[in-house]
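Those protein sequences? They're chains A and B, same order as listed. 1 is the number of the first residue of the first sequence in my numbering; add one for each residue after it. 113 is the number of the first residue of the second sequence in my numbering; add one for each residue after it.
Treat the hints as calculated values from the structure; they're not laboratory data. Just so it is clear, CB atoms sit at the ideal spot from N, CA and C, and this is done for glycine as well. Watch out, some of these pointers could steer you wrong.
[To be verified] Only pairs whose alpha carbons sit at most 27 Å apart, straight line, appear in this in silico BS3-like list of lysine-lysine:
#, chain 1, residue 1, chain 2, residue 2
1, B, Lys213, B, Lys187
2, A, Lys101, A, Lys75
3, B, Lys187, A, Lys75
4, B, Lys213, A, Lys75
[To be verified] Chain B stretches covered by chain A per the calculated footprint, using a threshold of three residues with CB under 8 Å from any CB of chain A:
#, stretch
5, 128-135
6, 138-152
7, 158-165
8, 181-190
2 protein chains.
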Amino acid sequence: MHSGFARTPEPPYYAVIFTSQRTEDDHGYEAMAQAMFELALQQPGCHGAESARGIDGVGITVAYFADEHSIGAWKQNARHLVAQRLGKERWYSHYELRVAKVERAYAGPEGR
Amino acid sequence: MHSGFARTPEPPYYAVIFTSQRTEDDHGYEAMAQAMFELALQQPGCHGAESARGIDGVGITVAYFADEHSIGAWKQNARHLVAQRLGKERWYSHYELRVAKVERAYAGPEGR
Numbered sequence: 001m002h003s004g005f006a007r008t009p010e011p012p013y014y015a016v017i018f019t020s021q022r023t024e025d026d027h028g029y030e031a032m033a034q035a036m037f038e039l040a041l042q043q044p045g046c047h048g049a050e051s052a053r054g055i056d057g058v059g060i061t062v063a064y065f066a067d068e069h070s071i072g073a074w075k076q077n078a079r080h081l082v083a084q085r086l087g088k089e090r091w092y093s094h095y096e097l098r099v100a101k102v103e104r105a106y107a108g109p110e111g112r
Numbered sequence: 113m114h115s116g117f118a119r120t121p122e123p124p125y126y127a128v129i130f131t132s133q134r135t136e137d138d139h140g141y142e143a144m145a146q147a148m149f150e151l152a153l154q155q156p157g158c159h160g161a162e163s164a165r166g167i168d169g170v171g172i173t174v175a176y177f178a179d180e181h182s183i184g185a186w187k188q189n190a191r192h193l194v195a196q197r198l199g200k201e202r203w204y205s206h207y208e209l210r211v212a213k214v215e216r217a218y219a220g221p222e223g224r
């Protein structure tokens with residue numbers, strides 16, 4: 001029903017916030033980004049992910065995990081390690097990655 | 113130098129993650145979104161914000177705050193309350209708002 005949204009449980013859980021600025025090197029990026037998004041969703045403990053990128057090349061992806069253990073497992077996933085390396089070498093001119101514990105959550109608009 | 117990124121301090125601090133799906137009602141949205149982004153940055157305790165919206169209408173804005181008190185003050189800001197009401201009535205078909213405590217953060221790619 002809300003296809004762009006993660007279906008997260010009641011807090012607490014974790015959010016991995018990845019903000020990035022793309023380079024102009026498009027070689028293989030879209031396919032890899034889509035593959036990694038789908039692979040993340042298959043990780044044990046992943047509650048879902050949300051992603052947006054504007055025409056200025058700034059993108060934000062937030063992936064939600066049950067706990068630190070599942071974040072660590074995703075970080076070390078073999079296919080993800082390849083993507084991380086290519087991201088650093090080719091695709092991102094800058095990124096910020098923040099790990100945060102979600103304490104409360106709301107949805108809306110109510111009643112629409 | 114990295115204009116799309118918030119210049120956050122060392123953790124801990126808070127992230128307010130707002131994921132939204134836009135309606136097709138554009139009336140006044142862009143101007144209000146820009147005004148609210150700039151107003152948030154002026155709030156005491158706001159460390160910055162990052163925002164992206166794709167052509168599918170899904171957007172993510174993450175605003176970073178020093179503490180719960182500054183989040184509460186922003187939520188109750190008079191101009192922001194007007195924007196929140198219009199957002200619920202007109203601009204968003206769905207949204208998810210999550211408040212999370214940032215525990216650790218990294219930036220990259222190193223050495224580029």
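Looking back at the numbered hints, which does the structure fail to meet, lowest number first? Failing hints, ascending: 3, 6 and 8.
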